[in-house]
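K.L.:
Dock chain P with the ligand against the given chain V, drawing on the hints supplied.
Protein chains in written order, with the numbering used here: chain V, 245 to 537; chain P, 194 to 1005.
Rather than coming from a laboratory, the hints here were simulated on the basis of the structure. Every value quoted in this text rests on a predicted model; they were computed, and no experiment measured them. Incorrect hints may have been included.
As a list, the in silico SDA-like pairs of lysine to any residue whose alpha-carbon atoms are at most 25 Å apart [stated by the list, open to error]: (1) P:645 / P:996; (2) P:985 / V:504; (3) P:645 / P:591; (4) P:985 / V:466; (5) P:602 / P:621; (6) V:246 / P:468; (7) V:246 / P:472; (8) P:985 / V:497; (9) P:468 / P:319; (10) P:468 / P:330; (11) V:246 / P:330; (12) P:377 / P:504; (13) P:985 / V:505; (14) P:985 / V:506; (15) P:985 / P:342; (16) V:246 / P:231; (17) P:985 / V:489.
Computed footprint of chain P on chain V, listed as stretches where at least three residues anywhere in the stretch have a Cβ under 8 Å from a Cβ of chain P [claimed, not checked]: (18) 246-260; (19) 425-436.
All C-beta atoms, glycine included, are put in the ideal place defined by N, C-alpha and C.
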Amino acid sequence: MKPAPFEYAAPPTLDEALAILSENDPDEVKILAGGQSLMPLLNMRLARPELLLDLTRIDELGGISARNGGLSIGALATKRDVEDSALVRERNPLFMESTIMIGHPQIRNRGTVGGSMVQADPAAEYPAVAVALGAELVARGPGGERVIEADDFFITYLTTSLEPGEILTEVRIPDLAAGTGWSIQELARRHGDFAIVGAVAMLRLESGICVDLRVVIFGASDRARRHSEAEALLAGERPSAALFDAAGRAVGQSLEDPTDDVHASAEYRRDLARVLCVRTLTEAVERAEGSGG
Amino acid sequence: MAVDIPKSFEELPTSAPRHIGRGRRRIEDPALLTGRTQFIDDVELPRMLHCAILRSPFAHARITGIDTQEAEALPGVVAIVTGEDALRWSHPAQSSPEGWGTHCLATDAVRYVGEPVAAVAAISRYVAEDAMELITVEYDPLDVVADPAAAMKADSPLVHAGQGTNVMMDRVFTWGEVEQAFEKADCVVSEEFRWNRMGANPTETFGCICEWDPLDLSLTIRGSIQSPSMFGLGRAATFALPSNKVNIISQPHGGSFGGKGGTRGTDVTCLLSRKADGRPVKWIEDRVEYLTAGGSQAWDRYYSASIAVRNDGIVTGLRVALVDDLGATGEAYGAICAAKPLAAFTGPYTIPVAEYDLKLVATNKVPSGPYRGMGPPPHFFVLEQLMDLAARQLGIDPAEFRRKNFIPKDAFPYMIPSGNEYDSGDYEEVLNQALALADYPALRSAQAEARKEGRLVGIGVASAIEPGVFDWNAYAIVGMPGTGVPEGATVSIDIMGFITVRVGFSLEGQGQYTLVSQLVSDYFGTDPEMVRVVYLDTQSAPPSFGPGGSRLGVAITGAVLGACDRIRTKASQVVAGLMQTEPENIVLRDGQFGIPGVPEAQMSVAEVAGTMLARSDLLPPDVDPRPEATHVWTAAGRTPADEEGRAKSYLTAAQAVHVVQVEIDRETGFVEIQRYCLADDCGTRLNPATVEGQTDGSVAQGIGAALLEEYSFDSDGQPQTTTFMDYLMPTVYEVPTVEKVAVVTPSPFTPLGAKGCGEGAIHTTPAAVLCAINDALAPLGQMAREVPAAPKRLWDLIRLAEDTSAEGSRTG
Ligand SMILES: Cc1cc2nc3c(=O)[nH]c(=O)nc-3n(C[C@H](O)[C@H](O)[C@H](O)COP(=O)(O)OP(=O)(O)OC[C@H]3O[C@@H](n4cnc5c(N)ncnc54)[C@H](O)[C@@H]3O)c2cc1C
Chain V
245 MKPAPFEYAA PPTLDEALAI LSENDPDEVK ILAGGQSLMP LLNMRLARPE
295 LLLDLTRIDE LGGISARNGG LSIGALATKR DVEDSALVRE RNPLFMESTI
345 MIGHPQIRNR GTVGGSMVQA DPAAEYPAVA VALGAELVAR GPGGERVIEA
395 DDFFITYLTT SLEPGEILTE VRIPDLAAGT GWSIQELARR HGDFAIVGAV
445 AMLRLESGIC VDLRVVIFGA SDRARRHSEA EALLAGERPS AALFDAAGRA
495 VGQSLEDPTD DVHASAEYRR DLARVLCVRT LTEAVERAEG SGG
Chain P
194 MAVDIPKSFE ELPTSAPRHI GRGRRRIEDP ALLTGRTQFI DDVELPRMLH
244 CAILRSPFAH ARITGIDTQE AEALPGVVAI VTGEDALRWS HPAQSSPEGW
294 GTHCLATDAV RYVGEPVAAV AAISRYVAED AMELITVEYD PLDVVADPAA
344 AMKADSPLVH AGQGTNVMMD RVFTWGEVEQ AFEKADCVVS EEFRWNRMGA
394 NPTETFGCIC EWDPLDLSLT IRGSIQSPSM FGLGRAATFA LPSNKVNIIS
444 QPHGGSFGGK GGTRGTDVTC LLSRKADGRP VKWIEDRVEY LTAGGSQAWD
494 RYYSASIAVR NDGIVTGLRV ALVDDLGATG EAYGAICAAK PLAAFTGPYT
544 IPVAEYDLKL VATNKVPSGP YRGMGPPPHF FVLEQLMDLA ARQLGIDPAE
594 FRRKNFIPKD AFPYMIPSGN EYDSGDYEEV LNQALALADY PALRSAQAEA
644 RKEGRLVGIG VASAIEPGVF DWNAYAIVGM PGTGVPEGAT VSIDIMGFIT
694 VRVGFSLEGQ GQYTLVSQLV SDYFGTDPEM VRVVYLDTQS APPSFGPGGS
744 RLGVAITGAV LGACDRIRTK ASQVVAGLMQ TEPENIVLRD GQFGIPGVPE
794 AQMSVAEVAG TMLARSDLLP PDVDPRPEAT HVWTAAGRTP ADEEGRAKSY
844 LTAAQAVHVV QVEIDRETGF VEIQRYCLAD DCGTRLNPAT VEGQTDGSVA
894 QGIGAALLEE YSFDSDGQPQ TTTFMDYLMP TVYEVPTVEK VAVVTPSPFT
944 PLGAKGCGEG AIHTTPAAVL CAINDALAPL GQMAREVPAA PKRLWDLIRL
994 AEDTSAEGSR TG
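Okay, chain V solo, but in the shape it has when bound (with noise of 0.2 Å):
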C-alpha cells in the first residue's frame, strides 16, 4: 500500500496551480486537497498521476462568507471550518446538519467541502445538499471562471463536469428561505460511515399548503437526484401521512438502477429510500410547522 512514483507541487497561489496544469497534460495531474479520499486511492495505486498539485497552501480557497442571500465557501474550506462557523449555523442549518454526519471528526478535521463535492461520492452528503438547495459550484481553468449547476455538476458514480485542468475554487449555498422545513437523514452502518440510503427533505408551507418542494435520495444509485414527481404529489397540497407515504412509494418506484452491494441489495435500497423519504418529509413538515410557516 505504497503509491506508485510521483511529482509533488504545493503551489501557494492559485494562478500558480493553474499555471502548473496548463504546462502539463491535465489527465496525468491529480489535485490533493484534504487527501481523504484520494490518499488510500494513491496507497492502493487506483490513481497513478504523474503529478501530484497539492493546493492546501492556497489560502484564498479558504474561508467562509456571507454573499448574496448565501454562502460563498472556499473549495478548501475544510469540514471542520464549517462545523465551527457560526454564520453556517445562523444562515443554514441544513448545510451544518449534513456536515456533521459526515464521517468522523479525524475526518472532517481534513476533508475539504470542494474536495467531497470533487469526489461526487453518490452516498456523500455534500452532494446531496447541494443538488436540494441548487448550489452553484465556481471552477477556475485555462478558459477563465465558470459556474456550473450542482445538478450540471453531479454527473454519475464519482464523476463530475469539471474539466481536466480545472479547479473547483468557491461553492455557493443558497440560504434557506424563511419558514423552510427541512430534514436530512441517512441509513448507515456505522455511526459516520457513508450512506447506504441518505434522504433530503425541503419545502415550505403557505398557509398549510406545501410550496417549493425538494425531495433528494443519495446513496441510492449513482448519484443524488431529486425525485420530482414525489416532490409534484406534495405540492400545493395539505401535508399528510398518506401522501408522505404515496411520495415515499413514488420515490421508491422511480430509483433508476440501486446500487447492489454487500450491505444493500438494489430492492432492500429502494424501499429504504421510501422509507427516508417519508420519514424526512415528515420532519420537515413539523420544522416548517415549527418555524410558524
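P.N.:
Frame of chain V, contents of chain P with the ligand only:
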C-alpha cells in the same frame, strides 16, 4: 523440592491490604500512552531490506510461468523469491490437517485469492511494490469452489487434486445414548444456522523482521508474534533447522485475538533474507493484505442442530452437525476451532448425552484461523437459539428454562459428556444477579407494552461457558495429541532488594506484566514499583507458551508464585543458618524472614538477598547463593484424549449470563441495543480492572460478530470485504455501555482460585444478541438463523412475515 502455590489471597505471605485483587494502574501503560513502546515497525536494523508480497488475483489457477527479470533489473531490488525457492529451501506448513499444508509461496497452483506467489526484497517498501508490478505471472484459471456444500459433492472441483476429495475430515462423535434420548424426548427442536466468516482485527497487523545467518545456518525472527515458542518450532520444521537454531524475539504487539498468524509471510520473508545473503528483511502486512489473506478469518460454518427436551423442560440430549469451511489449506490451526467446543459442548447445562457430526471442508478461500474464543462462540450461538426455541415451544420463560437445566453448584467438579471437567461454579447465582441487574420483570412488562404498539422489542437471556487454561489434548480429534502447556518465570532479587522477573511473552495488551508485579510484591512484601518485568527471547526464556486459550493470567500466576516459593525455601535455609536454627522454623511474613514472635530474629528480604549475593562465606555449604529461582507451571491432572476425543482438557470453566434488550426498526431492519447487562463468574479476580477491560473488549467483538462483521466472497471466490469500508468493525458508537456484576466462585484447581477470563464475553454476546433479536421477531413468526444479523437480512425476514400475513388476510 515441594513447591507450595497459594490457592487464595489469604495464603499469601503478606497481610491485607494487598496489591493483588485490586484494579491497579498498569505498569505497561506509560510507555504505550507516550508512544515509546517499540512495535515491530519501529525497529530498524542495519542493512535492512523491505518485503512486498505478490498475491494471486485468482481463487484457483495453475501457474504456467513467472517472469521476474524486469523486476530484478529495477534499481534497489536485492532479491526475489518464487515457489521454486520455497521448494528448494522449505517444507509445507505443518499447522494444517495432515497432508493439506502447502508451501509459503505457490509452487504449482494458487488456491485462494491473496495466496503469495512471489516476493521482493528491496531498499524500501516503495521500491519493492514498484518491482512487484514488473513481475509477470501466467495463470491458467481452474474451476473454483467457494461453498463447502458444493465442495463436498462428488463432482466438485478439487482444491488439492492429489487429495481426491475436499473433505479433510468427516466423523461423528457420540457421547452416551443419544439415539435413545431423542427417541424418548417429549419434544425435539431442530434448526439450521449459518455463521459467516469473521475474525480478529487487532489495531496492528502482523509484521516481522527475518534474518538468515548464512554461516551459522540459523534464523533470527523478530515480530509481533503471539506464541513465540510454538512459532519457533514451526519455523524450525518449515526450514528443517535444529530447533536451537531458530530464535524468536516477540516485539510488543498491538493486540492479537488470534489474528497474529503471520506464518506464511514470515516464511516468505525468511526465504528473502536467505536469498539476500542474510540481510535482514522486514515485512509489515498492510490492512488490505490482512483483510484479504491474513491470519484473521475464522468460523465459516453451517450448522444443523437439535435438542431433545422433556415436557418438564429438562434437556436430555444435544446433536450438533457442523460443516466447517477451513478454506484452502486449514493451516494456522484453523481446525482447532472445530475441536475446542468439546471442552464445553453442553454449555452450562446438565445435558447428559451429545453427538457431534463434524466435517472439515476445503474450499478456494483463504485458510480460516483462530479467533478469540477459538470456536465455541458459534457453538453457543446455536445451542442458545435451540434453548430459546424449546422454551418458547413449552411456554417457559427463557431465563427459567435455563435455570432448570443449569449444573447445580454442588455438582462440581462436573464431567460433561464430551469429557472435560468443569472446576466450579454457581450458575443460578450468576443468573439471579444478571436478572436483578437488568430488572428483568420490568424489561418484560416494557416489552409487552411496546409489542402492543407493534414495535419489535426483544430481550435475550443467554448463558455460556468460557473454557480457560487450554491444553493441547482438547484438540486431539483434529490431530494435536500432546498434553501439557508450560509457562515459566524466573524471579531474581538483586543486592539492593529490587526484584526482576523474566518471562517469555511480550506485551499484547492484557496487562500481565502488571499482574506479575502485583504477585511478586504481595509475596515479598515490597512495593510493586520495585518489581521489573523483563522479556526474554526463545533462546533465553524459561519454557513459555504465552497468551492464548484464556490461560496466561492463571499460568503466569502459578509460575511467579512457584518461583517466589522456591526463593523462599532457599532464603529460609540461609536465614536459618545465620540464626542457628532449622529452616522449618523460619517464616516469611510481610517482607521479613525470621522466627515468628521473636522481633530481634527478623531479616528483611533485601537483607537476606544482600547477604546471599555478597557474603557467600556466611552461607550454609549446600545453599545456592543466588536469590533467584525459576518455576514452570502446567495444569495438573490433564488426561490424554480417548478415541471419542474425551479428555480433561481446559482446567477452568468461567460462566456468564447476559441480558440484552434490542429494538428492531420494523421498516429498515436496523437493530438498536437498548440495554446490555451481564453477570459473570471467572473465579478470583486477580486484577478486577483488567477483567473488566477484557469483558468490555470482548462484548464489543461479540457485537461485531452478531451484527456487523463478515468476510464475504462471490461465487468465484473473490473477496468482497478487503477494506474497513466493507469489513465493519464495531466502533464506540455501536457498542452500548455494559452494566456488569461479578460473582466470585474460586477455582479449587488454580493458583489463587483464578479462572481463565481473557476470551470472555464473546462466548455469550453473539448468542445473547441473537436471542434478543429472535425474541423481537417471534411475534412475526420469524427467526434469524444467520450471523451477522445485518439489516438487509432482518429486513428480508420482516418482509417475509408481512407478505405471509398479507397473503393470509387475502386468502383467509
Ligand atoms: C473513514 C472515512 C469516512 C468517511 N465518511 C464520509 C461520509 O460519511 N460522508 C462523506 O461525504 N464523506 C465521507 N468521507 C470522505 C471525506 O468526506 C473526504 O474528505 C472527501 O470525500 C474528499 O475531500 P478531501 O478534501 O479529502 O479531498 P481529496 O481526497 O484530497 O480529493 C478528492 C478528489 O477531489 C479532487 N479535488 C479535491 N479538491 C479539488 C479542487 N478544489 N478542485 C478540483 N479537484 C479537487 C481530487 O483530485 C480527488 O480526485 C469519509 C472518508 C473517510 C476516510
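K.L.:
Decide, hint by hint, whether the structure agrees.
P.N.:
Checked hints:
no., hint, result
1, P:645 / P:996, "holds (20 Å)"
2, P:985 / V:504, "holds (11 Å)"
3, P:645 / P:591, "holds (21 Å)"
4, P:985 / V:466, "holds (20 Å)"
5, P:602 / P:621, "holds (8 Å)"
6, V:246 / P:468, "holds (24 Å)"
7, V:246 / P:472, "holds (22 Å)"
8, P:985 / V:497, "holds (19 Å)"
9, P:468 / P:319, "holds (20 Å)"
10, P:468 / P:330, "holds (20 Å)"
11, V:246 / P:330, "holds (21 Å)"
12, P:377 / P:504, "holds (11 Å)"
13, P:985 / V:505, "holds (11 Å)"
14, P:985 / V:506, "holds (9 Å)"
15, P:985 / P:342, "holds (24 Å)"
16, V:246 / P:231, "holds (23 Å)"
17, P:985 / V:489, "holds (21 Å)"
18, 246-260, "holds (count 4)"
19, 425-436, "holds (count 5)"
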